[in-house]
Amino acid sequence: MGFVVTDRLEEALNHHRQALSLRHERQKILAANIANADTPGFKARDIDFRAEFAFALGRRGERLELAATAPGHLARRGAPAAVSEVLYRVPDQPSLDGNTVDIDRERSAFVDNSVRYQAALTLLNQRIQGLKGAMAPE
Amino acid sequence: MTMFSIFDISASAPSAQAKRMNVSASNLANADSVTGPDGQPYRARQVVFETVAAQAGVGGVRVKEVIDDPSPMRMEYRPEHPLANGEGYVTMPNVDPVHEMVNMISASRAYQANVEIMNTSKQLMLKTLTLGEG
Numbered sequence: 001m002g003f004v005v006t007d008r009l010e011e012a013l014n015h016h017r018q019a020l021s022l023r024h025e026r027q028k029i030l031a032a033n034i035a036n037a038d039t040p041g042f043k044a045r046d047i048d049f050r051a052e053f054a055f056a057l058g059r060r061g062e063r064l065e066l067a068a069t070a071p072g073h074l075a076r077r078g079a080p081a082a083v084s085e086v087l088y089r090v091p092d093q094p095s096l097d098g099n100t101v102d103i104d105r106e107r108s109a110f111v112d113n114s115v116r117y118q119a120a121l122t123l124l125n126q127r128i129q130g131l132k133g134a135m136a137p138e
Numbered sequence: 139m140t141m142f143s144i145f146d147i148s149a150s151a152p153s154a155q156a157k158r159m160n161v162s163a164s165n166l167a168n169a170d171s172v173t174g175p176d177g178q179p180y181r182a183r184q185v186v187f188e189t190v191a192a193q194a195g196v197g198g199v200r201v202k203e204v205i206d207d208p209s210p211m212r213m214e215y216r217p218e219h220p221l222a223n224g225e226g227y228v229t230m231p232n233v234d235p236v237h238e239m240v241n242m243i244s245a246s247r248a249y250q251a252n253v254e255i256m257n258t259s260k261q262l263m264l265k266t267l268t269l270g271e272g
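In the order they appear, the protein sequences are chains A and B.
So for the first sequence, my numbering puts the first residue at 1; every next one is plus one.
So for the second sequence, my numbering puts the first residue at 139; every next one is plus one.
Hints may contain errors.
SDA-like, lysine to any residue: derived pairs with alpha carbons at most 25 Å apart [to be verified]:
1. A/43 with B/159
2. B/265 with A/109
3. A/43 with A/24
4. B/157 with B/145
5. B/260 with A/102
6. B/202 with B/235
7. B/265 with A/126
8. B/202 with A/127
9. B/202 with B/192
10. A/43 with B/205
11. B/265 with A/40
Just the calculated beta-carbon pair ranges, DEER-fashion [to be verified]:
12. A/122 with B/156: 47 to 53 Å
13. A/123 with B/208: 52 to 58 Å
14. B/261 with A/8: 30 to 36 Å
15. A/95 with B/254: 18 to 24 Å
If you are wondering where the hints come from, they were derived from the structure by calculation, not from laboratory data.
As the structure is a computational prediction, the values presented were derived from the model and not from experiment.
We put the CB at the ideal spot given by N, CA and C, even for glycine.
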């Protein structure tokens, strides 16, 4: 069975697509941290982007399947989790109510992530433009 | 989680903080209300926040409940006051103006921070929609 054009297209764009998707997941986690800056007992979360990205790139093409060898076995439902491990942020200082959100740290992380999201977006766009140019008739 | 859940998360915070500001404003306005519609002196109220945990403890915030401030009521010695008790003390509200002002400042800062998050997210979403355009 030969290659399908769409497979190769997907391969070319996969790297940036994964980056974008992971950046978006991190945006949500950071936004949740900032939203819960005053919630007692809330622990700030984050992901190790480098590790998650490597994991996301590596596991593409190999899907963990539940072994369904007998009729009674359950089939895995739903998409795989977007992020493998959401870690806890180490707090800089203790607090009376157990909240570990440092608003300044979270805001700067959010800004950093936004810029990197835009970078991933720009790079993906350029890749698409490059592919479109390569496919153009003249 | 859908693409737009980041707005759900960030939008929950301004409304929770606004409730907190309302409660604070009510406390400050009634700092000297010796009596209310039920004949009792005003009791300070506080909000309790809780996380709306969607997944892995990540989610927005909401006001779980508005509780009565458990700190003791302030007793003022005013024997000539019509509502003074047997020893001449009037029960005044347990509102601490300093505490309420700090609450207001903290709530408005948090409100601003979350509105900023929503703006940034909106811009990123709009930019993402232009993906693929020449």
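Right, here's what the structure says about each hint:
Proximity of residue 43 of chain A to residue 159 of chain B is assessed by CA-CA distance (about 24 Å); at most 25 Å being required, the pair is judged to hold. A distance of roughly 20 Å separates the Cα atoms of residue 265 of chain B and residue 109 of chain A; the hinted pair therefore holds under the 25 Å criterion. Proximity of residue 43 of chain A to residue 24 of chain A is assessed by CA-CA distance (about 20 Å); at most 25 Å being required, the pair is judged to hold. Simply put, residue 157 of chain B and residue 145 of chain B have alpha-carbon atoms about 19 Å apart, close enough for the 25 Å limit, and the pair holds.
For the hint linking residue 260 of chain B to residue 102 of chain A, the alpha-carbon distance of about 24 Å falls within 25 Å, and the restraint holds. Between residue 202 of chain B and residue 235 of chain B the alpha-carbon distance is near 24 Å, which keeps this suggested pair within the 25 Å criterion. Restraint check for residue 265 of chain B and residue 126 of chain A: the C-alpha separation of about 14 Å stays at or below 25 Å, so the hint holds. Taking the CA atoms of residue 202 of chain B and residue 127 of chain A, the gap is near 47 Å; set against the 25 Å cutoff, the hint is violated.
As the CA atoms of residue 202 of chain B and residue 192 of chain B are separated by approximately 16 Å, the hinted pair is consistent with the 25 Å bound. Restraint check for residue 43 of chain A and residue 205 of chain B: the C-alpha separation of about 23 Å stays at or below 25 Å, so the hint holds. Annotation: proposed proximity of residue 265 of chain B to residue 40 of chain A is violated, straight-line Cα distance about 35 Å (limit 25 Å). Separated by about 36 Å at the C-beta atoms, residue 122 of chain A and residue 156 of chain B break the suggested range of 47 to 53 Å.
For the hinted restraint 52 to 58 Å between residue 123 of chain A and residue 208 of chain B, the CB-CB distance of approximately 55 Å keeps it satisfied. Residue 261 of chain B and residue 8 of chain A have their C-beta atoms about 33 Å apart, which keeps the hinted 30 to 36 Å range intact. Checked against the hint of 18 to 24 Å, the pair residue 95 of chain A and residue 254 of chain B passes, with Cβ atoms roughly 23 Å apart.
Checked against the numbered hints given earlier, this structure breaks hints 8, 11, 12; the rest are met.
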